[in-house]
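Residue numbers (my numbering), protein chains in the order written: chain A, 1 to 152; chain B, 1 to 152; chain C, 1 to 83; chain D, 1 to 83.
Quick caveat, the hints were computed from the structure, so don't treat them as lab data.
Every residue gets a Cβ at the ideal spot worked out from N, C-alpha and C, and that includes glycine.
Watch out, some of these pointers could steer you wrong.
To be verified - Lysine-lysine pairs mimicking PhoX-like chemistry, simulated, CA-CA at most 20 Å apart:
1) K2(C) / K12(C)
2) K136(A) / K118(A)
3) K10(D) / K136(B)
4) K118(A) / K61(A)
5) K118(A) / K62(A)
6) K118(B) / K136(B)
7) K2(C) / K62(A)
8) K12(D) / K136(B)
9) K12(D) / K2(D)
10) K2(C) / K136(A)
11) K61(B) / K118(B)
12) K62(B) / K136(B)
Claimed, not checked - To spell it out: a stretch of chain D is covered by chain B in this simulated footprint if at least three of its residues, at any positions, have a beta carbon under 8 Å from a beta carbon of chain B; those stretches are:
13) 1-8
14) 72-81
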Amino acid sequence: MIRVQRDIFNIGDEINALTEARTDIGAVVSFTGLVRDFNEGTSVTGLTLEHYPGMTERELKKIEAEACRRWNLQDCCIIHRYGDMVPGDPIVLVITASPHRQDAFDAASFLMDWLKTKAPFWKQESDETGQSDWVKERQSDLDAARRWTPKT
Amino acid sequence: MIRVQRDIFNIGDEINALTEARTDIGAVVSFTGLVRDFNEGTSVTGLTLEHYPGMTERELKKIEAEACRRWNLQDCCIIHRYGDMVPGDPIVLVITASPHRQDAFDAASFLMDWLKTKAPFWKQESDETGQSDWVKERQSDLDAARRWTPKT
Amino acid sequence: MKILYFAWLKTKLQISEEDISWSQEVADIDGLVRWMRARGPVFDEIFSDLDVIRIAVNQEYVTGNLSLTEGDEIAFFPPVTGG
Amino acid sequence: MKILYFAWLKTKLQISEEDISWSQEVADIDGLVRWMRARGPVFDEIFSDLDVIRIAVNQEYVTGNLSLTEGDEIAFFPPVTGG
Chain A
1 MIRVQRDIFN
11 IGDEINALTE
21 ARTDIGAVVS
31 FTGLVRDFNE
41 GTSVTGLTLE
51 HYPGMTEREL
61 KKIEAEACRR
71 WNLQDCCIIH
81 RYGDMVPGDP
91 IVLVITASPH
101 RQDAFDAASF
111 LMDWLKTKAP
121 FWKQESDETG
131 QSDWVKERQS
141 DLDAARRWTP
151 KT
Chain B
1 MIRVQRDIFN
11 IGDEINALTE
21 ARTDIGAVVS
31 FTGLVRDFNE
41 GTSVTGLTLE
51 HYPGMTEREL
61 KKIEAEACRR
71 WNLQDCCIIH
81 RYGDMVPGDP
91 IVLVITASPH
101 RQDAFDAASF
111 LMDWLKTKAP
121 FWKQESDETG
131 QSDWVKERQS
141 DLDAARRWTP
151 KT
Chain C
1 MKILYFAWLK
11 TKLQISEEDI
21 SWSQEVADID
31 GLVRWMRARG
41 PVFDEIFSDL
51 DVIRIAVNQE
61 YVTGNLSLTE
71 GDEIAFFPPV
81 TGG
Chain D
1 MKILYFAWLK
11 TKLQISEEDI
21 SWSQEVADID
31 GLVRWMRARG
41 PVFDEIFSDL
51 DVIRIAVNQE
61 YVTGNLSLTE
71 GDEIAFFPPV
81 TGG
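Next comes chain A alone, as it looks inside the complex (with noise of 0.2 Å):
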């Protein structure tokens, strides 16, 4: 399951929507990510992601597919927001339920780096003065995404 969307989410909500009335799953992994007030040495104020509507959802079936395909998975979810956010403010929320544990950790590590260097977000931050700048790419991300591409 994806979702785009502006409003915030409640991670228990989701994660319980993903095992209730279920007796089979032995591991669920979440991952959320955060505004943080500080990033690369500045301090942050607020940020805003812009996305690409249309695109982001089959970016991202696209990527859950791909989870499902490479790891025992019984449920998988991701979540992501757009708009206006502050610090402390969730931004992106990844679920993954399986009967093991290593499946789960590795196909929630898998959709994080993926979905930060293949769906199409830009975020925009601002500082105390008010300034806002685009959000550069960084290497790390290039580099983790990387990790998961089969060595030919």
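Given chain A's structure and the hints, the job is docking chains B, C and D onto it.
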């Protein structure tokens, strides 16, 4: 923070308790282990968890301290239940908070692997015939824990 | 063809979306980029360094050249920074 | 000294906890294990294979031999299976 308890826990509440009123956390990973209705080829109708009060808390604190020593964690939480459970019930919850997602993922994975092989808990599974058996140690858990042992 | 711009491309060009007619000149991505650069100094500057631009046609990433047809949706945007 | 048994050791021995007095005979782990085995066939069977038993003294894992003193808490249990 570590907690050993008979009562069920609420995953969302625990994550909120860790993150609320903070704006410096960038990544939160949670792992929840649940009672499965099926294990190693046999159906499971109930699970009883025994533990060693006193030593359990000591071991969990040691494991938590080791995670904080190895990774950049802003907070960390381990909750483990004991007593009688049914399929679908949560058994264990691990939460890690960090400025960076890889630290949060690795620390949560480590906490589970070490907890599984060090914390003095023992599972007894019951099947529909009413027979109950002590769960056996699994080689895959030992192998998983060994990943985190520094190579000498 | 529908052209979309996102993030700093949109800010710099002050356009988020526009329609252009298909012609032999913009029959593929390479042609479209040449056509963009000829529109003025801001366009020229932005489209001179394709390393910092990602291109999607009909909401799929494109690398290299690709033929375009009337009705295509072409998007230009910087490397993504979500998550 | 307080002796604790957990999981299948407790079930098989039908003892969860007992107090034994310190003596030269049980002055260390090796001595205590020998003393256990001499208590009867069920004890002998259980303590004959130390590969399947974990030992903790004062709530810390012990591998190898260790001296014991009056007041120590010694626990015998199988490999752990929590989580």
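Against the structure, the hints:
Restraint check for K2(C) and K12(C): the C-alpha separation of about 19 Å stays at or below 20 Å, so the hint holds. For the given pair, K136(A) sits about 14 Å from K118(A) by alpha-carbon distance, which is consistent with the 20 Å threshold. Among the hinted pairs, K10(D) with K136(B) is consistent with the structure: their alpha-carbon atoms are about 16 Å apart, no more than 20 Å. The suggested pairing of K118(A) with K61(A) holds, with an alpha-carbon distance near 11 Å, which does not exceed 20 Å.
For the proposed pair K118(A) and K62(A), the alpha carbon gap of about 10 Å is at most 20 Å, so the pair holds. The suggested pairing of K118(B) with K136(B) holds, with an alpha-carbon distance near 14 Å, which does not exceed 20 Å. For the hint linking K2(C) to K62(A), the alpha-carbon distance of about 24 Å lies beyond 20 Å, and the restraint is violated. Straight-line distance between C-alpha atoms of K12(D) and K136(B) comes to about 16 Å, which keeps the hinted pair within the 20 Å bound.
Proximity of K12(D) to K2(D) is assessed by CA-CA distance (about 19 Å); at most 20 Å being required, the pair is judged to hold. Restraint check for K2(C) and K136(A): not satisfied, since their Cα atoms lie roughly 26 Å apart, outside the 20 Å limit. A distance of roughly 11 Å separates the Cα atoms of K61(B) and K118(B); the hinted pair therefore holds under the 20 Å criterion. Between K62(B) and K136(B), the direct Cα distance comes to roughly 24 Å. Violation of the 20 Å bound is thereby established for this hinted pair.
Chain B is given as covering the stretch 1-8 of chain D, and this holds because 4 residues of the stretch bring a CB closer than 8 Å to a CB of that chain, at least three being needed. For the stretch 72-81 of chain D, the stated coverage by chain B holds: 6 residues have a C-beta nearer than 8 Å to a C-beta of that chain, and at least 3 were required.
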